[in-house]
Amino acid sequence: MTGSNELISRSARSRQDNLKGSAKLFNDLIETSKNLPTTTSELGTILLSVNEVKKRAHELREKNNSRCDHTKAHYLLAGSGLAIQDVESSLKNLESRQFLEQNVPNKHDGDLDNYLRTKKDENILSSIEQSLALASKDFDNFVNQNFNLDWQQRKEEIRENFGVLIKKRKTSDIAAGAPLNRSAPTWGRTGRSILDGESRLNVNENYAMRDKFERYARIINRFNNARQANHDFPLTSEFIQTFDKSTDSKYRQLLESWQILDNLHGDRDIVGSSKRFLERQFLTYVDNLYEKNPSEGLPTNINKIKSFIEYKLKNSNNTWKYGNLTIVNGTPVWALIFYLLRAGLTQDALEVAINNKLSFKKVEQSFLTYFKAYVTSENSRLPQEFVSKLHTEYNQHIKNSLDGDPFRLAVYKIIGRCDLTRKNISSITLSIEDWIWVHFMLIKEDISGDDPIYERYNLEDFHNIITSYGVSRFNNYYLQVLLLSGLYELAVQYAFSISEIDAVHLAIALAYYKLLSVSNFHGISDDDLITLNEGKREINFAKLLGNYTKSFKFSDPRIAVEYLILIGLIHDKNQIELCHEALRELVLETKEFTILLGKINRDGTRIPGIIEERQPLLYVSDEKDFLYTITEQAARRADDDGRVYDSLLLYQLADEYDIVLSIVNKLLAELLSNTDLDQPILNLDDNSETNPVLIAKKLINVYGSNLEISKTINPKNKETCLLLLKLVDIRKCYLAQQWQRALQKIEEIDLVPFEDELAARKKAQDFPNLNLNIIRNIPNLLIITMSCISNIISQLNQSDFQTDPKTQQINALRKVAKYCMIYAGMIQYKMPRETYSILINIEVGL
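For the sequence shown, the positions run 33 to 878 when our numbering is used.
Treat the hints with caution; some may be incorrect.
[What the hints assert, rightly or not] Within a straight-line C-alpha distance of at most 30 Å, the following computed DSS-like cross-link-like pairs (lysine-lysine) qualify: (1) Lys404 x Lys389; (2) Lys623 x Lys568; (3) Lys421 x Lys394; (4) Lys758 x Lys729; (5) Lys389 x Lys455; (6) Lys730 x Lys748; (7) Lys656 x Lys698; (8) Lys794 x Lys748; (9) Lys404 x Lys324; (10) Lys750 x Lys582; (11) Lys394 x Lys324; (12) Lys307 x Lys546; (13) Lys244 x Lys346.
What the hints contain is simulated information worked out from the structure, not anything from laboratory work.
This one's a predicted model, so the numbers in the text were calculated from it and none came from an experiment.
Please put together the full structure from these sequences, using the hints given.
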């Protein structure tokens, strides 16, 4: 027994070793098979059942009983590292242990029907797998071809943007059956976004900033209202009123700047208007000072200036700050003349000169003649006949006089424009405003070629002095200096360092008063607010407003429109185009379509958005075309982003009703095909804004009652929509288990065969020509049809009475089921895999 047990044990171990060796061998084969062609190759797939494997193995044995020819197998397995003899041995081992199935027909001799059904299922599944493999291959080829085409298209677009291609391609495609221009919008000449610049501003940062933003926004809204009504609007005065009393230096700069601008607008003479502003400002200061410290006598201009001189030029011990002043009756007469000129009181200054002519020195006797000629001239210029005489006297007696009155030198220098190589008056203390005023008095714009070089001094020369000094020389008055001298672009740029929100509105006011030079392009870097064009400074006005709008375009899109339409203030063709681009960009980025573009009422009437309300300020030649372009581009962007309901609204606003109906058909078809048959299509909380069924019903009613709209709709689209709505009714009856009514409605729509086999074959042939939205719902419709037939037959069979009409009805229903199955069999590979199995199971139960 022991020997017998050992023999059995050795035999078992041998069998185990053989099994392990076989397992190892076939594991190696599996690993090697990974190098064989895959499903993506043209060799197809290996889908053999176990019975087929046995059958083919048997055929091979029949051909060569004595010895197998392994020649081809050697080639096949040459790179696998396996000996063919080992493979043959392993196969015999598997066969001996009955790893292969026995003859299946013999196994099912007692159950032929079951075998046939199983064979039928195998054939169906095999065919489906083959169809899927071919479809996968076709899809891969399609993707490869279209990817290459798309890449080529993108490459050409990039080349166009960089100016490599001279001629642009014309691209168009068909969206839902309607031809549309599908070229993507680009902003500006380099595709740079207007609303996507750099901005440190956040108008919602805190309460104070938000309050300031809203106060400015209300002014801009009223400003646009006035422009739209062709009324004048005191823009600068309105801005000034937003400032309250404050001693902050930056705050005072801004307030004084607005006051300067309020006095400058409407006057193209920068020097003259700025000089008059400084004179009025000085006189106001003198008046205020006089009210605080009234002196004896009448409050005349001369007495007020005298009071100012007492305050300005006397020390605390009541002595004069300057030792060489010409004092007459306790008043420095030359200082009085100078400050009267400073206040713009030239007639009063002449009166003082006449009344004090006896006090003039011998070298000053001719001054009165010159001064009279100066004051009475039209342009406050000394007549040329006196210029050379005054210059001679100035150079010989005034300029280098050691004991001369410093204010006498200043008066001579101003009225005679003397010694322009040294424009400053260093002998007396001047404020920044005084210094600017003196330069304006010396500037002469109408210089002729006959004028000596040393007498030439114009506004451009003054600009060079200011820019060379820079902000450090003027402390907290630099913004005012820039505005007074006409350097408006630099003023806006510098204002940004004080307050961005104030800088933006300063630029708006300058643009409104036609004082701002604006660049005709915006394809520049965000830091380049100002560019030079042939030596002239120009500001990127569109980018400036775009940067500002970026801060609140999402929180306040309506206000954003009010600002962006101001780009067209310049009323230049290029600026108007930039304005339109910015509005399109705002619509696409914020997606606030109802606010910006409008909406459609329940009755189909249109409510305009803010852009349409402001059309008169957009300077568009064709208002309808402009709105259509914005709306249609926004619709395409929404469609591409998968925001279907937004695209529906936008296509309606663009009057693309046929596209609207196509989109609704697609939504409705998806809802019907994706909703389980035991689930309702409509719920109680659904509304006409989101449910495709309600949307479709509303559109059919609105479009059907409007002849103009009906003309624009493709009849096939309308037919598809009506047919889909009938499918909704069928689903409703089916869910309510109204089998007979559902079947009646299915027969009415004539999508599945009810007549005979010929009709079934005809409908199968016509199947590919159906609308895609209908095709995707045929599978569910077939299941509903077969289910209704099954339930009706079941009800009839449960009846206690068997009558001929009932039998005839059952037979008729079975015929319809047969026709439906013929139809389903012919299109089975165009339906989901499980559909045909469901239909077969229903058919078996009939």
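Worksheet item: Hint by hint, which ones does this structure get wrong, listed from lowest number up?
Response: Hint check: 2, 9, 10, 11 and 13 fail, others pass.
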